[in-house]
Amino acid sequence: ILCGVMLGLYAGWRRGGVGDNVATGASLALYSTPAFWLGMILVVIFSTALGWLPGYGAHSPGAITGSLDWVLDYLRHLALPVTAVALGLIGQYVVVARAAMSDVVTEDYMVTARAKGLTGRQMLMRHAFRNAMLPVVTLITLNLGYVVAGAITVEAVFAWPGIGGLTVEALNARDYPVLQGIFLLLGASIVLANLVADLAYGVLDPRVRQ
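Just so we're aligned, residue 40 is where the sequence shown starts under the numbering used here, counting upward by one.
Hints are computed from structural coordinates only; laboratory data are not their basis.
For every residue, glycine included, the Cβ atom is placed at its ideal position computed from N, Cα and C.
Treat the hints with care, as some may be off.
Stated by the list, open to error - DEER-style ranges, computed between Cβ atoms:
1. Val150 x Val121: 40 to 46 Å
2. Thr104 x Arg54: 28 to 34 Å
3. Tyr95 x Leu41: 26 to 32 Å
4. Arg165 x Thr192: 40 to 46 Å
5. Pro216 x Gly55: 30 to 36 Å
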């Protein structure tokens, strides 16, 4: 999230430049690429061809639960699935943050701030950053359900035992108590995220507090 937001804000602030063109083009490519396809490409490159990282499962056979080797093995198995999901999210946050910043820099109060003699850094931190972050906070809230529920297709590619796969198994088995627990967790997470977003709006935009 942080990487995508920072790249998007920079691209919007320096719109029209080389950095903006590169960041926008790369983010659109990542945003439009399915996460499961990215996952398969990562498996082919880093697991099959190079053999650097495991391509499926959460643990290697024979790993001793609770040991340091078990933790490191878990992180190695987690690297590719997280990368596949994160690349798509980075592209999404770059697009949204850039659009928000591009709208902010054309506002009248930004022209007034420049006329008052504020430096570019002062304009960015005092006026542009907070206003550009409002749509990003909303996007983070909307994406929480995706993060908590799990990327079902990515979990299928990496044979990862996550909540998304558990949901599919429960649906196929008509295991309603498990489904109720999953939906309760998902609903509570979204409600909590909306509460945090409302509080963040008040911090970023003083008009909301009034």
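Status of each hint after checking the structure:
no. : hint                        : in the structure
1   : Val150 x Val121: 40 to 46 Å : holds, 42 Å
2   : Thr104 x Arg54: 28 to 34 Å  : violated, 51 Å
3   : Tyr95 x Leu41: 26 to 32 Å   : holds, 29 Å
4   : Arg165 x Thr192: 40 to 46 Å : holds, 43 Å
5   : Pro216 x Gly55: 30 to 36 Å  : violated, 56 Å
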